[in-house]
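Q: Now for the letters of each chain:
There are 2 protein chains.
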Amino acid sequence: MSAPIKTLLSRSLLRQARPASIPRHRYLATIRVAQQAASRSFTVSYRRRDAASDTSEPHHSVKYTTDSYDIERNPAFAEISAEDVQHFKSILGDDAAVIDGVTQDATDDIEAYNKDWMNKYRGHTKLVVRPKSTEEVSQILKYCNERKLAVVPQGGNSGLVGGSVPVFDEIVLNLGRMNKIRSFDDVSGILVVDGGVILEVADNYLAEQGYIFPLDLGAKGSCQIGGNVATNAGGLRFLRYGSLHGNVLGIEAVLPDGTILDDLSKLKKNNTGYDIKQLFIGGEGTIGVITGVSVACPRRSNAVNVAFFGLESFEKVQQAFKEAKGQLGEILSAFELMDGTSQDFVKKVTGNKHPLEGEYPFYCLIETSGSNAEHDQEKLEAFLEHVMGEEIVADGTLAQDDTQIKALWAWREGITEALGHAGGTYKYDVSIPLNELYKLVEESERGESKALGVVGYGHMGDSNLHLNVPVKKYSKEIEKALEPYVYEWIQKRSGSISAEHGLGIAKNKFIGYSRSDTMIGLMKQIKNLYDPNGIMNPYKYLT
Amino acid sequence: MSAPIKTLLSRSLLRQARPASIPRHRYLATIRVAQQAASRSFTVSYRRRDAASDTSEPHHSVKYTTDSYDIERNPAFAEISAEDVQHFKSILGDDAAVIDGVTQDATDDIEAYNKDWMNKYRGHTKLVVRPKSTEEVSQILKYCNERKLAVVPQGGNSGLVGGSVPVFDEIVLNLGRMNKIRSFDDVSGILVVDGGVILEVADNYLAEQGYIFPLDLGAKGSCQIGGNVATNAGGLRFLRYGSLHGNVLGIEAVLPDGTILDDLSKLKKNNTGYDIKQLFIGGEGTIGVITGVSVACPRRSNAVNVAFFGLESFEKVQQAFKEAKGQLGEILSAFELMDGTSQDFVKKVTGNKHPLEGEYPFYCLIETSGSNAEHDQEKLEAFLEHVMGEEIVADGTLAQDDTQIKALWAWREGITEALGHAGGTYKYDVSIPLNELYKLVEESERGESKALGVVGYGHMGDSNLHLNVPVKKYSKEIEKALEPYVYEWIQKRSGSISAEHGLGIAKNKFIGYSRSDTMIGLMKQIKNLYDPNGIMNPYKYLT
Numbered sequence: 000m001s002a003p004i005k006t007l008l009s010r011s012l013l014r015q016a017r018p019a020s021i022p023r024h025r026y027l028a029t030i031r032v033a034q035q036a037a038s039r040s041f042t043v044s045y046r047r048r049d050a051a052s053d054t055s056e057p058h059h060s061v062k063y064t065t066d067s068y069d070i071e072r073n074p075a076f077a078e079i080s081a082e083d084v085q086h087f088k089s090i091l092g093d094d095a096a097v098i099d100g101v102t103q104d105a106t107d108d109i110e111a112y113n114k115d116w117m118n119k120y121r122g123h124t125k126l127v128v129r130p131k132s133t134e135e136v137s138q139i140l141k142y143c144n145e146r147k148l149a150v151v152p153q154g155g156n157s158g159l160v161g162g163s164v165p166v167f168d169e170i171v172l173n174l175g176r177m178n179k180i181r182s183f184d185d186v187s188g189i190l191v192v193d194g195g196v197i198l199e200v201a202d203n204y205l206a207e208q209g210y211i212f213p214l215d216l217g218a219k220g221s222c223q224i225g226g227n228v229a230t231n232a233g234g235l236r237f238l239r240y241g242s243l244h245g246n247v248l249g250i251e252a253v254l255p256d257g258t259i260l261d262d263l264s265k266l267k268k269n270n271t272g273y274d275i276k277q278l279f280i281g282g283e284g285t286i287g288v289i290t291g292v293s294v295a296c297p298r299r300s301n302a303v304n305v306a307f308f309g310l311e312s313f314e315k316v317q318q319a320f321k322e323a324k325g326q327l328g329e330i331l332s333a334f335e336l337m338d339g340t341s342q343d344f345v346k347k348v349t350g351n352k353h354p355l356e357g358e359y360p361f362y363c364l365i366e367t368s369g370s371n372a373e374h375d376q377e378k379l380e381a382f383l384e385h386v387m388g389e390e391i392v393a394d395g396t397l398a399q400d401d402t403q404i405k406a407l408w409a410w411r412e413g414i415t416e417a418l419g420h421a422g423g424t425y426k427y428d429v430s431i432p433l434n435e436l437y438k439l440v441e442e443s444e445r446g447e448s449k450a451l452g453v454v455g456y457g458h459m460g461d462s463n464l465h466l467n468v469p470v471k472k473y474s475k476e477i478e479k480a481l482e483p484y485v486y487e488w489i490q491k492r493s494g495s496i497s498a499e500h501g502l503g504i505a506k507n508k509f510i511g512y513s514r515s516d517t518m519i520g521l522m523k524q525i526k527n528l529y530d531p532n533g534i535m536n537p538y539k540y541l542t
Numbered sequence: 000m001s002a003p004i005k006t007l008l009s010r011s012l013l014r015q016a017r018p019a020s021i022p023r024h025r026y027l028a029t030i031r032v033a034q035q036a037a038s039r040s041f042t043v044s045y046r047r048r049d050a051a052s053d054t055s056e057p058h059h060s061v062k063y064t065t066d067s068y069d070i071e072r073n074p075a076f077a078e079i080s081a082e083d084v085q086h087f088k089s090i091l092g093d094d095a096a097v098i099d100g101v102t103q104d105a106t107d108d109i110e111a112y113n114k115d116w117m118n119k120y121r122g123h124t125k126l127v128v129r130p131k132s133t134e135e136v137s138q139i140l141k142y143c144n145e146r147k148l149a150v151v152p153q154g155g156n157s158g159l160v161g162g163s164v165p166v167f168d169e170i171v172l173n174l175g176r177m178n179k180i181r182s183f184d185d186v187s188g189i190l191v192v193d194g195g196v197i198l199e200v201a202d203n204y205l206a207e208q209g210y211i212f213p214l215d216l217g218a219k220g221s222c223q224i225g226g227n228v229a230t231n232a233g234g235l236r237f238l239r240y241g242s243l244h245g246n247v248l249g250i251e252a253v254l255p256d257g258t259i260l261d262d263l264s265k266l267k268k269n270n271t272g273y274d275i276k277q278l279f280i281g282g283e284g285t286i287g288v289i290t291g292v293s294v295a296c297p298r299r300s301n302a303v304n305v306a307f308f309g310l311e312s313f314e315k316v317q318q319a320f321k322e323a324k325g326q327l328g329e330i331l332s333a334f335e336l337m338d339g340t341s342q343d344f345v346k347k348v349t350g351n352k353h354p355l356e357g358e359y360p361f362y363c364l365i366e367t368s369g370s371n372a373e374h375d376q377e378k379l380e381a382f383l384e385h386v387m388g389e390e391i392v393a394d395g396t397l398a399q400d401d402t403q404i405k406a407l408w409a410w411r412e413g414i415t416e417a418l419g420h421a422g423g424t425y426k427y428d429v430s431i432p433l434n435e436l437y438k439l440v441e442e443s444e445r446g447e448s449k450a451l452g453v454v455g456y457g458h459m460g461d462s463n464l465h466l467n468v469p470v471k472k473y474s475k476e477i478e479k480a481l482e483p484y485v486y487e488w489i490q491k492r493s494g495s496i497s498a499e500h501g502l503g504i505a506k507n508k509f510i511g512y513s514r515s516d517t518m519i520g521l522m523k524q525i526k527n528l529y530d531p532n533g534i535m536n537p538y539k540y541l542t
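Protein chains in written order, with numbering that gives the first Met the number 0: chain A, 0 to 542; chain B, 0 to 542.
Since the hints were derived computationally from the structure, they do not count as laboratory data.
Cut-off 20 Å, straight-line C-alpha distance, at most; resulting in silico cross-link-like pairs (PhoX-like, lysine-lysine):
#1 523/B to 526/A
#2 508/A to 523/A
#3 346/B to 405/B
#4 471/A to 347/A
#5 508/B to 491/B
#6 471/B to 449/B
#7 438/B to 426/B
#8 526/B to 526/A
#9 523/B to 523/A
#10 347/B to 472/B
#11 526/B to 523/A
#12 508/B to 426/B
Chain A regions said to be covered by chain B (calculated; three or more residues, Cβ under 8 Å):
#13 224-237
#14 241-251
#15 326-333
#16 365-371
#17 425-438
Derived Cβ-Cβ restraints for the label pairs, each shown as a range:
#18 517/B to 123/A: 30 to 40 Å
#19 60/A to 527/B: 42 to 52 Å
#20 442/A to 492/B: 51 to 61 Å
Treat the numbers as computed from the prediction; the structure is a model and nothing was measured. A virtual CB, placed ideally from N, CA and C, is assigned to each residue, including glycine.
Kindly produce the complete structure, drawing on both the sequences and the hints.
A: Listed below in structure tokens is the structure:
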């Protein structure tokens with residue numbers, strides 16, 4: 000059981016007799032007691048299920064993307080023939096590397112590659128290829144480009160915008176068999192991996208060496224690093240470790256014509272020409288396939304602390320954030336926001352008792368990571384004393400060990416999965432100035448009454464809000480109430496209509512709300528430069 | 000006067016009676032006493048002089064680049080006519096915005112723009128334009144592109160590879176008048192500036208708001224942020240704050256055809272399409288001119304400490320670095336390396352007394368920045384105790400106040416300027432695996448006897464070495480002894496032949512030692528895409 004902060008603080012105050020910034024009697028009088036049941040268990044599954052093994056939803060009940068979207072197959076693309084299948088088999092050697100639904104019925108084997116984990120997007124592919132080397136990827140793409148066969152690169156298939164599943168009969172190029180850790184240097188912290196290495200596998204490996212992957216997200220148990228880079232994933236510790244544009248040192252990628260972009264640098268600094276690899280970070284597999292990644296990994300912190308707060312208003316959340324930045328400084332590694340509705344969904348789905356006794360409109364999870372446990376504890380205590388004494392935070396609890404840390408994180412990371420139990424969820428992943436971050440949720444609530452709720456949560460530290468509207472069933476009526484309203488709202492504030500999820504097929508039509516015509520024109524120029532036949536991940540991104 | 004570490008440590012040991020990781024008597028017995036003269040003064044100028052005001056070297060004594068390099072003017076470029084000058088005057092309105100050496104004699108006014116601060120490169124330009132707005136830059140470039148007039152964008156002209164001065168008669172487009180801080184958000188820490196804002200001006204402005212610019216370098220008093228971004232400057236605190244590829248959130252740039260790339264995002268996350276601005280970071284003004292930059296700035300640390308060490312071997316330097324990473328963790332903000340020869344040059348030029356009494360083959364400067372002075376002090380003391388007790392460090396001193404911090408930094412930052420007093424310096428800015436970092440200096444020493452010395456220093460934390468070979472006079476003989484030897488040495492170790500200085504005209508011929516033909520081919524494709532007439536900063540970078 001994680002401990003109520005009050006108890007911890009009084010213990011610490013008694014022990015240290017340190018001067019509190021506010022008179023102690025006032026402090027004790029104003030903070031609320033979080034009486035927690037000793038029997039509480041935190042069992043929510045906080046990792047998303049692997050898409051390929053997710054058979055809970057019968058395939059036939061998932062609507063084809065071609066039925067939900069008004070979209071036509073590009074007639075310039077060839078149709079896959081038996082000869083093509085034969086050719087891929089000859090390249091890949093191993094029978095297991097080709098799932099052939101062209102010359103035989105392979106529906107059951109193929110469907111997991113055809114649909115996303117949210118059961119929102121479903122394609123019509125009949126062929127999955129699973130290369131084991133960069134050279135094989137090169138041969139596949141070269142052939143596809145010459146034959147004008149469309150291709151969808153697929154990593155862990157854990158995306159949220161339908162970017163990694165086919166729409167029509169695009170060949171799925173799955174990276175799952177390219178899963179080797181290539182090298183690690185324990186002085187520099189530079190890790191080189193195949194594109195198909197699962198994020199959690201890499202992070203566990205790094206943990207053994209005293210290092211940490213500079214990216215973490217709910218889907219870490221299934222997402223792949225190549226996919227993370229291709230979608231420029233942000234995640235939970237962006238606040239501390241920053242963007243993949245800074246942390247990725249090198250990329251090996253295969254261009255549509257089979258050219259291998261060999262830029263797998265293990266150097267932190269290398270100013271010799273245009274940094275072309277950056278185009279592939281966030282390129283969503285539309286100009287090439289990432290087969291290798293070199294990344295600078297920071298030292299893993301010895302001491303990690305997680306606190307969980309209840310707060311009475313978004314105003315107070317902002318105050319708490321400002322205080323956290325100031326007082327926790329360099330040890331702050333996450334500041335996550337969850338509204339009351341989001342926690343109601345997790346409670347309902349998991350049946351678990353919430354870490355905090357009372358109900359609050361807002362909750363925050365704060366994580367610190369540092370090299371000296373005693374120092375961090377002192378900083379955290381001073382911070383907690385201040386925010387509770389000043390009534391910025393109404394109630395709070397502090398994890399006492401790793402199990403409790405995971406349990407508290409589960410109330411944040413479990414939101415996506417909990418919402419997944421609704422019939423469907425309209426998802427908006429937006430970036431807006433901090434002071435207006437939650438206003439979007441409140442205003443969307445007013446406009447929408449048919450939904451099961453309007454949920455707001457996200458990465459407060461990055462001004463990144465996840466606005467989710469769970470519904471019994473997707474309907475044009477609800478969609479119309481939300482769109483373009485939400486996008487226009489964001490545009491007025493010069494925000495981003497996709498902060499970290501990318502465009503895929505879900506957001507591509509709305510890029511104009513966040514980018515000028517000039518920028519879109521320049522992007523299309525890049526697409527044409529690398530993929531003149533347009534075979535890579537078509538119907539998405541810029542189309 | 001900064002204090003000898005031994006004194007500080009014994010004081011701290013007495014005060015705290017903390018358990019040392021090694022027996023105290025051994026500790027006291029093994030560290031060496033740094034007896035420092037009370038009258039010591041640190042007066043070395045640690046900021047580079049502004050290029051435009053540097054008139055110490057008579058212009059005529061500086062060799063033209065066209066005489067030192069075997070290079071021919073591209074006949075496709077037009078020659079500047081009186082009509083062109085008239086046109087620029089009509090665009091820019093203000094007479095002061097055009098320095099016209101075409102229709103009149105303006106040699107004295109123009110020469111500062113024609114040569115670099117090292118007196119190594121000198122061009123033949125007869126026209127300098129100094130626009131005040133992005134719109135003016137757009138009109139200038141559009142005209143130049145149509146007329147096929149070549150252009151050199153110029154910021155603070157503090158580069159080290161001749162990238163910001165003309166070779167032949169390219170028009171100098173100087174950004175110095177675009178020097179406005181456009182906006183700053185004190186919650187998010189996002190700063191938006193004109194490209195011509197001087198780095199130190201921006202950092203001083205941020206200091207008032209409790210923030211820091213995530214880049215610092217010796218030339219901060221004259222270099223401009225647009226130039227820093229165009230050259231992807233690394234500098235002194237890369238170790239802590241990381242790369243501009245991660246910190247720059249948005250760029251406004253003008254393409255050669257006059258198109259304004261309007262990507263001045265103030266968002267930390269924005270996954271809506273290819274991150275095209277990244278091509279301009281490190282593009283060295285060859286595909287456009289950066290007129291605006293948006294950058295994420297971290298909070299300024301309350302507590303800054305600087306220690307300066309003498310060490311007996313490079314082996315010990317590596318040990319000290321590993322210990323610093325482990326024990327100082329998140330507060331380590333710089334770990335700089337200087338060899339004995341580098342310090343001899345600074346001593347000689349400044350006449351100052353060195354912070355350490357004895358002479359050592361290696362010196363290190365360690366900086367910590369944190370939010371809690373007491374905690375940082377404790378971490379630093381434990382670290383110092385350890386590295387001195389274990390005889391990793393032979394002697395050391397710790398700055399006691401801001402003046403001493405600056406003074407210690409001057410022994411690191413002053414190296415470039417001190418070497419500038421030689422007749423010339425062969426400069427190599429390389430990235431190689433840490434364990435071999437200094438081997439390059441030792442091996443270059445063996446091969447070269449005609450030089451005034453072989454100097455090694457740099458950013459240990461980033462595996463970034465500055466190998467400098469000061470000479471009385473540049474000579475083919477010395478050059479041949481060094482090149483291609485140095486480049487081949489780096490290539491064998493998959494290093495970078497230009498870690499942070501860029502290519503310019505000094506390194507462009509050697510790009511093949513660090514990049515494959517495929518990568519160079521892809522880079523040329525990008526150049527041709529944006530600048531088909533090749534008017535931007537010609538004769539450099541990829542040519």
